[in-house]
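From just these sequences and the hints, can you work out the full model?
Below are the chains, spelled out letter by letter.
2 protein chains.
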Amino acid sequence: MTRPRAAVVVTGSELVRGERSDLNGPFYAQEALRLGLQPARIAIVGDDPVELETVLREAFDADVCLVSGGLGPTHDDRTIELVAKVAGVGLRLDEGLEAEIEAISRRFAERMRRPYADFVAGVRKQATLPEGGISLGIAGTAPGVVLDAGSCVVVVLPGPPGELQRLWPRALETEPMRRVLGRTTEPERRILRMFGVSESAVAKALADAGGDGDGVEVTICARDFEIHVDLVVEPGMGARADELERDFLGPLEEYVFGRDGRSVQEVVLERCRAEGLTLGTAESCTGGLVAGRLTSVPGSSEVFRGGVVAYEDAVKHDLLGVPEELLRAHGAVSAEVAEAMAAGARERLGVDVAVSVTGIAGPGGGTPEKPVGLVFIHAAGPMGERPVRIEIPGEREWVRARSAATALHLVRRLLES
Amino acid sequence: MTRPRAAVVVTGSELVRGERSDLNGPFYAQEALRLGLQPARIAIVGDDPVELETVLREAFDADVCLVSGGLGPTHDDRTIELVAKVAGVGLRLDEGLEAEIEAISRRFAERMRRPYADFVAGVRKQATLPEGGISLGIAGTAPGVVLDAGSCVVVVLPGPPGELQRLWPRALETEPMRRVLGRTTEPERRILRMFGVSESAVAKALADAGGDGDGVEVTICARDFEIHVDLVVEPGMGARADELERDFLGPLEEYVFGRDGRSVQEVVLERCRAEGLTLGTAESCTGGLVAGRLTSVPGSSEVFRGGVVAYEDAVKHDLLGVPEELLRAHGAVSAEVAEAMAAGARERLGVDVAVSVTGIAGPGGGTPEKPVGLVFIHAAGPMGERPVRIEIPGEREWVRARSAATALHLVRRLLES
Numbered sequence: 001m002t003r004p005r006a007a008v009v010v011t012g013s014e015l016v017r018g019e020r021s022d023l024n025g026p027f028y029a030q031e032a033l034r035l036g037l038q039p040a041r042i043a044i045v046g047d048d049p050v051e052l053e054t055v056l057r058e059a060f061d062a063d064v065c066l067v068s069g070g071l072g073p074t075h076d077d078r079t080i081e082l083v084a085k086v087a088g089v090g091l092r093l094d095e096g097l098e099a100e101i102e103a104i105s106r107r108f109a110e111r112m113r114r115p116y117a118d119f120v121a122g123v124r125k126q127a128t129l130p131e132g133g134i135s136l137g138i139a140g141t142a143p144g145v146v147l148d149a150g151s152c153v154v155v156v157l158p159g160p161p162g163e164l165q166r167l168w169p170r171a172l173e174t175e176p177m178r179r180v181l182g183r184t185t186e187p188e189r190r191i192l193r194m195f196g197v198s199e200s201a202v203a204k205a206l207a208d209a210g211g212d213g214d215g216v217e218v219t220i221c222a223r224d225f226e227i228h229v230d231l232v233v234e235p236g237m238g239a240r241a242d243e244l245e246r247d248f249l250g251p252l253e254e255y256v257f258g259r260d261g262r263s264v265q266e267v268v269l270e271r272c273r274a275e276g277l278t279l280g281t282a283e284s285c286t287g288g289l290v291a292g293r294l295t296s297v298p299g300s301s302e303v304f305r306g307g308v309v310a311y312e313d314a315v316k317h318d319l320l321g322v323p324e325e326l327l328r329a330h331g332a333v334s335a336e337v338a339e340a341m342a343a344g345a346r347e348r349l350g351v352d353v354a355v356s357v358t359g360i361a362g363p364g365g366g367t368p369e370k371p372v373g374l375v376f377i378h379a380a381g382p383m384g385e386r387p388v389r390i391e392i393p394g395e396r397e398w399v400r401a402r403s404a405a406t407a408l409h410l411v412r413r414l415l416e417s
Numbered sequence: 001m002t003r004p005r006a007a008v009v010v011t012g013s014e015l016v017r018g019e020r021s022d023l024n025g026p027f028y029a030q031e032a033l034r035l036g037l038q039p040a041r042i043a044i045v046g047d048d049p050v051e052l053e054t055v056l057r058e059a060f061d062a063d064v065c066l067v068s069g070g071l072g073p074t075h076d077d078r079t080i081e082l083v084a085k086v087a088g089v090g091l092r093l094d095e096g097l098e099a100e101i102e103a104i105s106r107r108f109a110e111r112m113r114r115p116y117a118d119f120v121a122g123v124r125k126q127a128t129l130p131e132g133g134i135s136l137g138i139a140g141t142a143p144g145v146v147l148d149a150g151s152c153v154v155v156v157l158p159g160p161p162g163e164l165q166r167l168w169p170r171a172l173e174t175e176p177m178r179r180v181l182g183r184t185t186e187p188e189r190r191i192l193r194m195f196g197v198s199e200s201a202v203a204k205a206l207a208d209a210g211g212d213g214d215g216v217e218v219t220i221c222a223r224d225f226e227i228h229v230d231l232v233v234e235p236g237m238g239a240r241a242d243e244l245e246r247d248f249l250g251p252l253e254e255y256v257f258g259r260d261g262r263s264v265q266e267v268v269l270e271r272c273r274a275e276g277l278t279l280g281t282a283e284s285c286t287g288g289l290v291a292g293r294l295t296s297v298p299g300s301s302e303v304f305r306g307g308v309v310a311y312e313d314a315v316k317h318d319l320l321g322v323p324e325e326l327l328r329a330h331g332a333v334s335a336e337v338a339e340a341m342a343a344g345a346r347e348r349l350g351v352d353v354a355v356s357v358t359g360i361a362g363p364g365g366g367t368p369e370k371p372v373g374l375v376f377i378h379a380a381g382p383m384g385e386r387p388v389r390i391e392i393p394g395e396r397e398w399v400r401a402r403s404a405a406t407a408l409h410l411v412r413r414l415l416e417s
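Listed in order, the protein sequences are those of chains F and Y.
The C-terminal position of the first sequence is numbered 417 in our numbering, with every residue numbered one higher than the one before it.
The C-terminal position of the second sequence is numbered 417 in our numbering, with every residue numbered one higher than the one before it.
Be aware that one or more of the hints could be misleading.
It does not matter which identical chain is used: a pair holds within one copy or between any two.
[Claimed, not checked] List of simulated lysine to any residue pairs, SDA-like, C-alpha gap at most 25 angstroms:
| id | residue 1 | residue 2 |
| --- | --- | --- |
| 1 | Lys204 | Asp242 |
| 2 | Lys204 | Ala109 |
| 3 | Lys125 | Ala201 |
| 4 | Lys85 | Thr54 |
| 5 | Lys85 | Arg57 |
| 6 | Lys204 | Ala222 |
| 7 | Lys204 | Pro73 |
| 8 | Lys125 | Glu102 |
| 9 | Lys204 | Asp118 |
| 10 | Lys204 | Ser13 |
| 11 | Lys204 | Gly250 |
| 12 | Lys370 | Ala314 |
| 13 | Lys204 | Glu14 |
| 14 | Lys204 | Leu252 |
| 15 | Lys125 | Asp148 |
| 16 | Lys204 | Gly140 |
FYI, nobody ran anything at the bench for these hints, they're computed from the structure.
Shown next as structure tokens:
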């Protein structure tokens, strides 16, 4: 089965200059994959009309062309004009759309204390669509449009990711997109998350199990210090996927912590909630990153009570009750202080479970005995204690982020024990 | 002056599927811009050979083609083979490179306890370069190569960003790249950072000042709740840039907080250090994000002593000394509690300057009087107090991130006062 191909075209001067990471390409690609299309390529261009036209022309070879950006009111926003040109159709003013954009622009003009007359040309420009294009209405002030260009269905959405994502479901409901999607079957996806194993060991396990193919595509991807494994299973290939999963993942089972795409902080909070436990943190070198990840989850306040960022020794002593003798005898970066920080967090924050992190994030502060990257982590709760000592090579932010990830996984393992 | 054009080709199945954000495209593009090349477009493709060949063929139209990825030992890594094909040259085994990769692979084989024979074919593949290609040696196990393909100079580097960035300087030193760069002049870049003003107000100020062009290119970009303005100034156009900067930025001067690309946390820490002040935080809804940003800066421990993540009311009381009556009378999300949190942080952490954040990040917890997105921030120090109340529309992570940014800017303004 060959899946219809999807080509993505992202426009934005700041994106082609590398000043900002593009979010729309990955969004479109993930959506295409989810819907059973084949993401063929992502092209990022600036506002140069020759470049944009070239890239659009190439992308129209695909079955679906997903475009973002270049829909603003100014002359250097040329997406609509060039989509029409490449499709070989003219332009028309959509009066319903014009009224919609006018209403918004009038309110904006008022707020900015400028005459609406300044906006008229821009509004007409934004309400102009390719002949035959289906308006999706607006998000923000920019419109979305779907154009059936013969062999290719073109979706054009605004550049701001929030606006694009708001209009995307409407694009899927148009007749041309439904027609293309009628030719696809959404493949089944299986998501596995592992921690504590290397990407190459997972790749080797896959190779040892005979590799992917035959209707099951496997992606292995190291992200956030975890290994994310994705199985894309063609319709009817479930048994083959089960078999591969068994052979491939059997030897790795101990590293698997999730099969539903939930993050480790979600797993930890959920586990605490289920067991009626409260949670707190005591952080030195991670400086709040562990608490920040935990509190990123909606509803975390049911479980997470608080944390102490004890950067200076005096704060470790004053707020966490770490004995001064302990700090003097072993130094702030030691297994003993990590343990005392976790105990102090449990007591002072009044929580059942606490995790502490103390280490040398660098670039300064390292010694031969305690080099940059040396980190002690300690998780403690009514079920017991789990200490860990790691040496993390690399730069400051890498050491901090990996320490935070390791701390969250350590709490998870403590809760599972 | 037309600058030589640079086209970027990034290969990686997980990138074209949107499973990971590409870092190499932005890196190549920023480098091209810095060197005086014109970044024309970035194309992201998977390992499909037809797609990759098509994209390479298009990219060879540019003066420089910057390629990343697809250099691994397995059959689906086809970059070298296709670069040679599109350039119309054959392949040759580079024996020096082979010896280099073999040495690494033998060590790896030992560690993995596999016979080296398993690796021979892969090593030969990785040591095979396009006829006429200049080997850049290896980073990790993958090689880099520069090929002069007539009208286009092609640079091929490994996909892992660290490896790519390590080999890139060597590519710049090859004869073909020096020749292209001999035709360019590095433009001057001026960087301005603003806070507290909207992107559209900045765009309007630029338009009112006559707009960019004539050798000065201006990019206005909203990022991290700040407005980043970049001026790219062609050689000899410094006076024009000065004039534009004066007319354009004069009315916006009060919002400018930096002209050197330093982040707000760096500005805050630097200011504290200069004045001999210590710093601490007290966070509720931001859950450690403010402390996390401050401690991301190397050397922050000279200034930043610690923070309290007081998620629960009891922690606000126990660790920050916020009076229970105050919490009862005004609620945790109030100007009064924000003020008491900052005062408590100064006292309990023993710091000169403290900033506190309390608010409703959502999605739950809102009421008609105190809706989701309502946040109180308070900065206090020996120079005085600065309270702020904001209502932030949007989702949980947006509310949290914007609150953290606002808190850092509030401390900055307090320190500037």
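Alpha-carbon proximity context of Lys125 and Asp148, limit 25 angstroms:
So Lys125 and Asp148 pass the 25 angstroms test inside one copy only (21 angstroms; across, 44 angstroms).
Measure nothing new, just compare the shortest in-copy and cross-copy C-alpha distances for Lys204 and Leu252 to 25 angstroms and report within, between, both or neither.
Classified as within: same-chain Cα gap 11 angstroms, cross-chain 57 angstroms, threshold 25 angstroms.
My question is about Lys204 and Asp118: at a cut-off of 25 angstroms on alpha-carbon distance, are they close within one copy, between copies, both, or neither?
between (63 angstroms within a copy, 11 angstroms between copies)
Are the CA atoms of Lys204 and Ala222 at most 25 angstroms apart within a copy, between copies, both, or neither?
within (14 angstroms within a copy, 43 angstroms between copies)
Up to 25 angstroms CA-CA - Ser13 versus Lys204, copy category
between (41 angstroms within a copy, 18 angstroms between copies)
Indicate which option fits the pair Lys204, Asp242 if close means a Cα-Cα distance not exceeding 25 angstroms: within, between, both or neither.
So Lys204 and Asp242 pass the 25 angstroms test inside one copy only (18 angstroms; across, 58 angstroms).
Are the CA atoms of Lys204 and Glu14 at most 25 angstroms apart within a copy, between copies, both, or neither?
between (40 angstroms within a copy, 18 angstroms between copies)
Regarding Lys125 and Glu102, is the shortest C-alpha distance of 25 angstroms or less found within a copy, between copies, in both, or in neither?
within (11 angstroms within a copy, 61 angstroms between copies)
Status of Ala314 relative to Lys370 across identical chains (alpha carbons, at most 25 angstroms)
within (20 angstroms within a copy, 37 angstroms between copies)
Evaluate Lys85 and Arg57 at a C-alpha cut-off of 25 angstroms and name the case that applies: within, between, both or neither.
For Lys85 and Arg57, the Cα distance is within 25 angstroms both inside one copy (10 angstroms) and across copies (23 angstroms).
Within a copy, between copies, both or neither: where do Lys204 and Pro73 come within 25 angstroms Cα-Cα?
Classified as between: cross-chain Cα gap 13 angstroms, same-chain 53 angstroms, threshold 25 angstroms.
Regarding Lys204 and Gly140, is the shortest C-alpha distance of 25 angstroms or less found within a copy, between copies, in both, or in neither?
This pair counts as between: shortest inter-copy Cα distance 18 angstroms, intra-copy 48 angstroms.
Consistency note: the structure conflicts with none of the earlier hints.
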